[in-house]
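K.L.:
One line per chain: the protein sequences are A and B, in this order.
Under the working numbering, the first residue of the first sequence carries the number 4, and numbering increases by one thereafter.
Under the working numbering, the first residue of the second sequence carries the number 4, and numbering increases by one thereafter.
Rather than coming from a laboratory, the hints here were simulated on the basis of the structure.
Hints may be right or wrong, so weigh each one.
Computed cross-link-like contacts, SDA-like style, restricted to lysine to any residue with a CA-CA straight-line distance of at most 25 Å [claimed, not checked]:
| no. | chain 1 | residue 1 | chain 2 | residue 2 |
| --- | --- | --- | --- | --- |
| 1 | A | Lys146 | A | Ile176 |
| 2 | B | Lys396 | B | Ser409 |
| 3 | A | Lys325 | A | Glu145 |
| 4 | A | Lys322 | B | Lys407 |
| 5 | A | Lys67 | A | Thr86 |
| 6 | B | Lys67 | A | Asp97 |
| 7 | B | Lys325 | A | Lys396 |
| 8 | A | Lys146 | B | Val74 |
| 9 | A | Lys146 | B | Thr49 |
| 10 | B | Lys329 | B | Glu143 |
| 11 | A | Lys325 | B | Ala59 |
| 12 | A | Lys284 | A | Leu166 |
| 13 | A | Lys322 | A | Arg77 |
| 14 | B | Lys437 | B | Thr410 |
| 15 | B | Lys248 | B | Asp215 |
| 16 | A | Lys333 | B | Ala59 |
| 17 | B | Lys146 | B | Ile119 |
| 18 | A | Lys252 | B | Pro57 |
| 19 | A | Lys284 | B | Thr50 |
| 20 | A | Lys396 | B | Gln105 |
| 21 | A | Lys67 | B | Gln129 |
| 22 | A | Lys195 | A | Glu145 |
| 23 | A | Lys325 | B | Leu75 |
| 24 | A | Lys325 | A | Arg336 |
| 25 | A | Lys252 | A | Leu166 |
| 26 | B | Lys396 | B | Glu58 |
| 27 | B | Lys407 | A | Glu120 |
| 28 | B | Lys284 | A | Glu53 |
| 29 | A | Lys333 | B | Asp61 |
| 30 | A | Lys322 | B | Ala72 |
| 31 | A | Lys252 | A | Asn355 |
Listed below are the residues making up each chain.
There are 2 protein chains.
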Amino acid sequence: MEAVDALPVHLNRKVAVEDFDLMAVEAENGNKQNGREIVLGRNVHTTCLEVTEPEANDEFTGDKEAYMASVLARYRKNLMERTQHHLGYPYNLDFDYGALGQLQHFSINNLGDPFIESNYGVHSRQFEVGVLDWFARLWEIEKSEYWGYITNCGTEGNLHGILVGREVFPDGILYASRDSHYSVFKAARMTKPAIINVNIGTTVKGAVDDLDLVIQTLEESGFSQDRFYIHCDGALFGLMMPFVKRAPKVTFQKPIGSVSVSGHKFMGCPMPCGVQLTRMKHINVLSSNVEYLASRDATIMGSRNGHAPIFLWYTLNRKGYKGFQKEVQKCLRNAYYLKDRLRDAGISAMLNELSSTVVFERPIDEDFVRRWQLACQGNIAHVVVMPNVTIEKLDDFLNELVEKRSTWYQDEKLRPPCIAADIGSQNCSCALHK
Amino acid sequence: MEAVDALPVHLNRKVAVEDFDLMAVEAENGNKQNGREIVLGRNVHTTCLEVTEPEANDEFTGDKEAYMASVLARYRKNLMERTQHHLGYPYNLDFDYGALGQLQHFSINNLGDPFIESNYGVHSRQFEVGVLDWFARLWEIEKSEYWGYITNCGTEGNLHGILVGREVFPDGILYASRDSHYSVFKAARMTKPAIINVNIGTTVKGAVDDLDLVIQTLEESGFSQDRFYIHCDGALFGLMMPFVKRAPKVTFQKPIGSVSVSGHKFMGCPMPCGVQLTRMKHINVLSSNVEYLASRDATIMGSRNGHAPIFLWYTLNRKGYKGFQKEVQKCLRNAYYLKDRLRDAGISAMLNELSSTVVFERPIDEDFVRRWQLACQGNIAHVVVMPNVTIEKLDDFLNELVEKRSTWYQDEKLRPPCIAADIGSQNCSCALHK
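This is chain A alone, in the form it adopts within the complex (with noise of 0.2 Å):
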């Protein structure tokens, strides 16, 4: 188990701002830049596109509509440019939607919950329900047992599944990991319940948490299963693990609570959003909770993008586990392909065993790290092998790299940094390690 930090954060049925993040556990799995200052660019309004009102007459020259024309042609070469040099965060970008172009045009909006119809008859539950279906199937959960939605994102599905561990143990503590060697049990001698967040692929280093040794040292500890919920923050990794040979297993036939996974991330989407599955006893005490305001959404937000689950439908139904299973192989093969590429030029380098994130040493030099769009943390960058990531980027991203860092390092003055309190010694190739 990676750096399960003891976070014993008091939680009784209240929970302030600050929790907010921290139960989305987004420090260490948000797309933060960690490692140099983040300054609020105020200038942004002077780069920004402004709204402009239309003339009169435009709708006879048709100069607005030339204009907005040009933006958007101009949009799209930029997007197409950063699409080709990007590396850096777990989203794959290679999708073809074109036959879903036809329902830009509607309205679809699945408010509420998945499994209660709404008056609004332009909705997508249909959908939705089957994605649900899907993954209930994948982390091996009856129909009739679960609960789950299509969220907007990674937040959204953290933020529900410990508010839904909040809701089962009011007086419970919250455990998250963080990336050094405490012990997460450091408070479990108290005998309040346990709320835990398993991260199954941390942001930084892709590395997962042991979801069997937290088990099982709950139980050593002395926790029933009725004394402690987990929840399984799969954000990217989640839709991998269960196609890695070796991998330990997130299923639902665990003593587990809920589970969610990114759509955005693995599967691939235009909009970000996730999926979110829990056990429907448990959902019931949410609902129940807030039936005293006539309300049974059982979901965070109240409108939901309708158009998200007919994306990861489309997607689950072309690839299914057969192309899900040669996309992983081909992203772990690729990862390993430039783990090895990188230690072969001298570069400190790691890759975590059943991970496709490949932990290196950092840039410096930002134009870099901005061309490729790294993200960085501290001395480290990653590269996060995706799908759309064939051997061909690698190898232009590697030589670029190669070249470039000649010139950063060419006079003896400045050294490459040593990484190994980041990546381990046997990983780090500075002057002190190689």
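Given the coordinates of chain A, work out where chain B should sit on it, guided by the hints.
P.N.:
Same frame as chain A, but now just chain B:
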């Protein structure tokens, strides 16, 4: 001011799950079906579109491709019919985003703060900030003074607004209106600061809380401006009111803290979204509070849909103030027409001043309710007259209603309900009040 009820929820820094719904004032503003029992439709599993695994020879036979195409074609036909017969929810279903089809191939994600550049390059912040600036102009706040973002829906905006209020006043008491005649200031004698949700158009009746009277009463009750925080929930009507003559004005020139408005309602958008604006000084409080997580993230969600800002930017550019003004006038005109025609036909009906939401006697035939996708509560139903609702559509609806209704009440045993308590006796056409 319509029915501002004291809802003295004691807020310390901690908020329970229940408060999620409270804050969002979704009890009133959500699209809930208060009038009839809500049943978990587990049969959805049997009517849903199952995901099936591709077969080995699919690529050669083209069978699956053909199956998918036929599912989508049937679904599209259904969407067209459902869009055609829709009156109940405040969504403008009339939009043409054909020009943006070219962007659906990209995974556009504005993760995190709109004003902080992320390394992920496939974003649309330039459009997002253009849209936010437009709203800042509308609501009269300097670019350097505001912070805001485009949300996933109205709930997220309300959640964010009230969270900011709580950060400003950790010991504040939250007041929100209910549709009844209690006073909002029942608990005002307490010395706690006040956090107030002001409805700019309630969901069911389209009534507008009197912002000026709320501020005046706060001041008369001895609340200085540093002791209250007002969030304006402008879900639908927040974008219509600026274009209604004699309507009270929502502006940051008044001592308000935040405003939210939906993007898929009056503006129209394929997916739900919203706009959230607050004062820069407030968001700085929120940001610094989460900084110990190495996060400057001030939005509720992490990954954020990058297509929504482009849809809004496109509509604002095309329609502008004048376009919206014309559409608002058309909506109000058509709403008056509907209300008058209902009353002429002897049907209880009410139209709040400034509103395009026509409240009337609930049709007793649930098939009819579903066919026209009416939102109902108790004995009342409503039609929200949006830009896509034409006189022709209203005539179709009216003719069908009058015809069917004559059969519902043909024998004298069953009589139309009295709804005077909901809409006032002067608007009620029941046996007693007509």
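K.L.:
All hints are to be evaluated individually against the structure, with a verdict given for each.
P.N.:
Okay, the hints, checked on the actual structure:
Between Lys146 (chain A) and Ile176 (chain A) the alpha-carbon distance is near 30 Å, which puts this suggested pair outside the 25 Å criterion. About 20 Å separates the Cα atoms of Lys396 (chain B) and Ser409 (chain B), which keeps this hinted pair within 25 Å; it holds. Note on Lys325 (chain A) and Glu145 (chain A): the hinted pairing holds, with a Cα-Cα distance of about 22 Å set against a maximum of 25 Å. Straight-line distance between C-alpha atoms of Lys322 (chain A) and Lys407 (chain B) comes to about 48 Å, which puts the hinted pair past the 25 Å bound.
Note on Lys67 (chain A) and Thr86 (chain A): the hinted pairing is violated, with a Cα-Cα distance of about 28 Å set against a maximum of 25 Å. With a C-alpha separation of about 21 Å, the suggested pair Lys67 (chain B) and Asp97 (chain A) falls inside the 25 Å cut-off, and the hint holds. For the proposed pair Lys325 (chain B) and Lys396 (chain A), the alpha carbon gap of about 49 Å is over 25 Å, so the pair is violated. Taking the CA atoms of Lys146 (chain A) and Val74 (chain B), the gap is near 23 Å; set against the 25 Å cutoff, the hint holds.
With a CA separation close to 10 Å, the supplied pair Lys146 (chain A) and Thr49 (chain B) stays within the 25 Å bound. Annotation: proposed proximity of Lys329 (chain B) to Glu143 (chain B) holds, straight-line Cα distance about 22 Å (limit 25 Å). Restraint check: the Cα-Cα separation between Lys325 (chain A) and Ala59 (chain B) comes to about 10 Å, which is no more than 25 Å; the hinted pair holds. Among the hinted pairs, Lys284 (chain A) with Leu166 (chain A) is consistent with the structure: their alpha-carbon atoms are about 14 Å apart, no more than 25 Å.
For the hint linking Lys322 (chain A) to Arg77 (chain A), the alpha-carbon distance of about 33 Å lies beyond 25 Å, and the restraint is violated. With a C-alpha separation of about 20 Å, the suggested pair Lys437 (chain B) and Thr410 (chain B) falls inside the 25 Å cut-off, and the hint holds. Between Lys248 (chain B) and Asp215 (chain B) the CA atoms are separated by roughly 16 Å; this keeps the pair inside 25 Å, and the hint holds. Distance hint between Lys333 (chain A) and Ala59 (chain B) is fulfilled; the C-alpha atoms sit about 19 Å from each other, no more than 25 Å.
Proposed proximity of Lys146 (chain B) and Ile119 (chain B) is supported: the alpha carbons are some 15 Å apart, at most 25 Å. Taking the CA atoms of Lys252 (chain A) and Pro57 (chain B), the gap is near 24 Å; set against the 25 Å cutoff, the hint holds. Distance check on the hinted pair: Lys284 (chain A) and Thr50 (chain B) sit about 23 Å apart at the alpha-carbon level, within 25 Å; holds. With a CA separation close to 24 Å, the supplied pair Lys396 (chain A) and Gln105 (chain B) stays within the 25 Å bound.
Pair hint Lys67 (chain A) plus Gln129 (chain B) holds up; C-alpha atoms about 18 Å apart against a cutoff of 25 Å. Straight-line distance between C-alpha atoms of Lys195 (chain A) and Glu145 (chain A) comes to about 30 Å, which puts the hinted pair past the 25 Å bound. Restraint check for Lys325 (chain A) and Leu75 (chain B): the C-alpha separation of about 23 Å stays at or below 25 Å, so the hint holds. A hinted pair counts as satisfied when its Cα atoms are at most 25 Å apart, and Lys325 (chain A) with Arg336 (chain A) qualifies at roughly 16 Å.
With a C-alpha separation of about 24 Å, the suggested pairing of Lys252 (chain A) with Leu166 (chain A) holds against the 25 Å cut-off. Taking the CA atoms of Lys396 (chain B) and Glu58 (chain B), the gap is near 46 Å; set against the 25 Å cutoff, the hint is violated. Distance hint between Lys407 (chain B) and Glu120 (chain A) is fulfilled; the C-alpha atoms sit about 24 Å from each other, no more than 25 Å. As the CA atoms of Lys284 (chain B) and Glu53 (chain A) are separated by approximately 24 Å, the hinted pair is consistent with the 25 Å bound.
Of the pairs offered as hints, the one joining Lys333 (chain A) and Asp61 (chain B) holds, with about 22 Å between alpha carbons and a cut-off of 25 Å not exceeded. In summary, the hint linking Lys322 (chain A) to Ala72 (chain B) is supported, as the alpha carbons are separated by about 16 Å, within the 25 Å threshold. Note on Lys252 (chain A) and Asn355 (chain A): the hinted pairing holds, with a Cα-Cα distance of about 17 Å set against a maximum of 25 Å.
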